[in-house]
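Protein chains in written order, with numbering that gives the first Met the number 0: chain E, 0 to 398; chain G, 0 to 166; chain X, 0 to 96.
Worth flagging that the hints you see were computed from the coordinates, not collected in a lab. Errors might be hidden in some of the hints.
What the hints assert, rightly or not - Derived pair list, reagent style DSSO-like, types lysine-lysine, alpha-carbon separation capped at 30 Å:
| hint | chain 1 | residue 1 | chain 2 | residue 2 |
| --- | --- | --- | --- | --- |
| 1 | E | K247 | G | K14 |
| 2 | G | K130 | G | K72 |
| 3 | X | K57 | E | K206 |
| 4 | E | K239 | X | K9 |
| 5 | G | K72 | E | K290 |
| 6 | E | K206 | X | K9 |
| 7 | G | K40 | E | K296 |
| 8 | X | K71 | X | K38 |
| 9 | E | K2 | G | K14 |
| 10 | E | K239 | X | K3 |
| 11 | X | K5 | E | K230 |
| 12 | E | K241 | X | K3 |
| 13 | E | K5 | G | K14 |
| 14 | E | K206 | X | K5 |
| 15 | E | K5 | G | K130 |
| 16 | X | K5 | E | K241 |
| 17 | G | K40 | E | K2 |
| 18 | E | K247 | E | K315 |
Said to hold, decoys possible - Only some residues are given here: those of chain E computed to face chain G with a beta carbon under 8 Å:
| hint | residue |
| --- | --- |
| 19 | V10 |
| 20 | F174 |
| 21 | Y175 |
| 22 | Y178 |
| 23 | A180 |
| 24 | E181 |
| 25 | A182 |
| 26 | S278 |
| 27 | G281 |
| 28 | T282 |
| 29 | R284 |
| 30 | T285 |
| 31 | N364 |
| 32 | D366 |
| 33 | I367 |
| 34 | V369 |
Stated by the list, open to error - Per the computed footprint, the stretches of chain G lying under chain E, defined by three or more beta-carbons under 8 Å from a beta-carbon of chain E, are:
| hint | segment |
| --- | --- |
| 35 | 11-17 |
| 36 | 41-48 |
The C-beta atom is built at its ideal place from N, Cα and C for all residues, glycine as well.
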Amino acid sequence: MAKAQKGQTRVITGNAVGAYGAMLCRPEVVAAYPITPQSELAEQLAQFVSNGVLDAEYVEVEGENSAMNVALAASVAGARAFTATSSYGLVFMYDALQEASGFRTPVVMVNANRETPGIHAVSSGQQDMISARDTGWVQIIVENDQEILDQIIIAFRLAEDYNIQLPVMVNYDGFYLSYLAEAVEIPNIEDVDAFLAPLKKQPGRQKLVPGVSIGCGTHGMEMGYVEARYKHCQALERAKNKVDEIDKAFGDYFGRYYHGQIEEYRTDDADIIIVASGSATGTVRTVIDTKREAGIKVGLVKLRLFRPFPAERLIKALKGKKAIGVIDRSLCFGWKYGPICMELRALSPEIGPTPILSYIDGLANLDITVPHIGRVIDEVGAAAQGKPYQEVTWIPMEE
Amino acid sequence: MAARMLASAFVREGKSVASFPMYGFERRGAPVVAFTRVDEKPIREKTQIYNPDCLIVIDPGLLTLPTLFTGLKLESVFILNSPKKMVEQPDKNLKIGGVVNATQIAVDEIGRDIPNTCLLGAFAAATGWLKLQSILDCLPDYLSGDILERNIKSAGRGFREVEVTKW
Amino acid sequence: MVIKHKNIFKTESAWSNADEVLLCLDTGSWRTERPVLDKEKCNYCGLCALYCPPQCMKDMGDHYEADLAYCKGCGICATECPRKAFAMVPEGEFVDG
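Chain E extracted, bound-state conformation:
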């Protein structure tokens, strides 16, 4: 496949980038309700539609529950649908989220991570994404503005793949990425069309047909329910390799590679590994470079795919390492570990008897700072040498 042309470079915020990403994929139905920190995205999309840049049905809904219901219904009718939300909005559409995945609709949604209800918070945190873990969606987490745009394009290609047919959620940190202005390369729409063109060559998925008596996902009875759920879970399993495959195809075509389910940074000869996700990953890279210069053999595993959990690639990356530190930007209620750490610990039998240290930091717009990461690396290093260590640390509580 030939390579894409160079796109236009613009300095825009993460939200605006999200709107561009969606627009370039030509969704037919958009239903998004504004909510901090995503409002600009919903507004920009509405602008694209009213300017004629995007030829889509923009449905003004009165809330996020309706937004997801509109998107999934449009998808069941065969349309390419897009929506965007955050925290309270994500929680408001909780039942519709599960219908979207249960009906196997290839809806793409962007979620600007923000803390969930409980303590009223208008600040960054991954709790909303965690609270939607079991909704059956594919969930991707991004590190910077360019990745937001690129992953939206990849999300449509993944969601609508005939062997996948699952809704995909692209998560980016509210405030840190949603309002972050960076230079971003906006691909040409013709190149995006070409990248999504393979979808047209596959068999069409079933959709509603006017006048024909068919229904989807009605009344799961006994084995019908079990079969549908089994197929859903199998599709999620297949999504793992598919993410690697599409990511590579994206890199081959557009020149930007993200390495699929996880990215490994300086892990080959590393003794200790830091596992992180989202915008904090950028900061972790900087600290790792500094520590490496001081002779510490540390590497980063950036978790990109959260659901399905990239078990196989994680095992391969972490097996044989001397200690692992996991930085969670959220909580796992009912477990003392952070959620990503808790899930990683499920792989302990395959990884080996490696100390896994859980760090909870970066809640409510409090930074995961350079000194914090330095401390994490030091403590994980000590654990690797057999010194005593603290299994779980809430960094903000210790300051």
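Go by the hints and put chains G and X onto chain E.
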């Protein structure tokens, strides 16, 4: 918005930039802090800035804030919007101070107290890290028509009229 | 794992033919009484069809009748009918022998 214009201007000069604001509820008049990083190479850090090389204060009322200068690097720069002159060195870490009555200039040129573009011009003059032309060239990305012309004038006046003190 | 189950759904997502195997319940067997229409009183206004929860009122051209395969005997048609044209009659009356 000013932080984004600054980002655009630096990108025009071939630098890498990452700029983001921190605020809570989205409403007009809410207090805002904006952080901008500039570098030759791509910027990976996504944290707030604790040790700035430069501090730009748009609201002179903030001078009463006791933590305003906390964390400033040695030999850093301070740009202030104020009708008064900068009499003494506000903090020992500062090397360069630039003061300009951006509110007045904005009211004169734009007709409203939006001192942002004026302060960008002052920043360019006081630090020398950015050419005025780069700022003026990126303004059309954000503004157009009459309001663009007025902001161009405001930025130019900020550049020329800022009073720079070196300590 | 050895799978013995034979797929019910032909598609990846749970689509089924509404006329044949749409997974729906035999709600007609839930009934303990059924609506019986006095055709003299009926003016074909259609309110019974509008209110019927399982939407099982059949349009007979000049009146409506409940589809007994699905009618649950809830009696809402009888309550809503402005002409009180329906009588709710216990199922026992219709069992032979």
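Each hint, compared with the structure:
As the CA atoms of E:K247 and G:K14 are separated by approximately 28 Å, the hinted pair is consistent with the 30 Å bound. A distance of roughly 23 Å separates the Cα atoms of G:K130 and G:K72; the hinted pair therefore holds under the 30 Å criterion. Taking the CA atoms of X:K57 and E:K206, the gap is about 28 Å. The hint holds against a cut of 30 Å. A C-alpha spacing of about 24 Å is found between E:K239 and X:K9, which places the hinted pair at or below 30 Å, so the restraint holds.
Under the criterion of a C-alpha separation no larger than 30 Å, the hint pairing G:K72 with E:K290 is consistent with the structure, at around 22 Å. Distance hint between E:K206 and X:K9 is fulfilled; the C-alpha atoms sit about 13 Å from each other, no more than 30 Å. Pair hint G:K40 plus E:K296 holds up; C-alpha atoms about 23 Å apart against a cutoff of 30 Å. Restraint check for X:K71 and X:K38: satisfied, since their Cα atoms lie roughly 21 Å apart, inside the 30 Å limit.
The hinted pair formed by E:K2 and G:K14 meets the criterion: a straight-line CA distance of about 26 Å does not exceed 30 Å. This hinted pair checks out: E:K239 and X:K3 have alpha carbons roughly 26 Å apart, not beyond 30 Å. Between X:K5 and E:K230 the CA atoms are separated by roughly 13 Å; this keeps the pair inside 30 Å, and the hint holds. In summary, the hint linking E:K241 to X:K3 is supported, as the alpha carbons are separated by about 27 Å, within the 30 Å threshold.
At most 30 Å may separate the alpha-carbon atoms for a hinted pair to count; E:K5 and G:K14 meet this at roughly 19 Å. Annotation: proposed proximity of E:K206 to X:K5 holds, straight-line Cα distance about 23 Å (limit 30 Å). Taking the CA atoms of E:K5 and G:K130, the gap is about 27 Å. The hint holds against a cut of 30 Å. At roughly 27 Å between alpha-carbon atoms, X:K5 and E:K241 fall within 30 Å of each other, so this suggested pair holds.
With a C-alpha separation of about 25 Å, the suggested pairing of G:K40 with E:K2 holds against the 30 Å cut-off. For the hint linking E:K247 to E:K315, the alpha-carbon distance of about 19 Å falls within 30 Å, and the restraint holds. Nearest Cβ of chain G to the Cβ of E:V10: about 4 Å, under the 8 Å cut. The hint holds. For the restraint placing E:F174 at the interface with chain G, the shortest Cβ-Cβ distance is roughly 6 Å, inside the 8 Å limit, so the hint holds.
A cut of 8 Å between beta carbons decides the hint on E:Y175: the least distance to chain G is about 5 Å, and the hint holds. Contact between E:Y178 and chain G, as hinted, is supported at the beta carbon level, the nearest pair being about 5 Å apart and thus within 8 Å. The closest approach between the C-beta of E:A180 and any C-beta of chain G is roughly 4 Å, which is under the 8 Å cut-off, so the hint is satisfied. Contact between E:E181 and chain G, as hinted, is supported at the beta carbon level, the nearest pair being about 5 Å apart and thus within 8 Å.
For E:A182, the interface hint holds, since its Cβ comes within 8 Å of a Cβ in chain G; the closest pair sits about 5 Å apart. Among the interface hints, the one on E:S278 holds; its C-beta lies about 4 Å from the nearest C-beta in chain G, closer than the 8 Å criterion. Satisfaction of the interface hint for E:G281 is found here, the shortest Cβ-Cβ separation to chain G being roughly 4 Å, below the 8 Å cut-off. For E:T282, the interface hint holds, since its Cβ comes within 8 Å of a Cβ in chain G; the closest pair sits about 5 Å apart.
Taking 8 Å as the C-beta contact cut-off toward chain G, the hint placing E:R284 at the interface holds, the least distance being around 5 Å. Annotation: E:T285 was flagged as interfacial toward chain G, and the flag holds, the nearest CB pair being 5 Å apart, inside 8 Å. Against a cut-off of 8 Å between C-beta atoms, the interface hint on E:N364 holds, since the closest Cβ of chain G lies about 7 Å away. At a threshold of 8 Å, the smallest CB-CB gap from E:D366 to chain G is about 4 Å, leaving the interface hint in force.
Given hint, E:I367 at the interface with chain G, holds; its Cβ is 7 Å from that chain's nearest Cβ, closer than 8 Å. The interface hint given for E:V369 is met, as the beta carbon of that residue sits about 7 Å from the closest beta carbon of chain G, less than 8 Å. Taking a C-beta to C-beta cut-off of 8 Å, the segment 11-17 of chain G contributes 3 residues in contact with chain E, enough for the three needed, and the coverage statement holds. Only residues whose beta carbon comes within less than 8 Å of a beta carbon in chain E count, and the segment 41-48 of chain G has 6; three or more means the coverage holds.
In this structure, none of the earlier numbered hints is contradicted; all agree with it.
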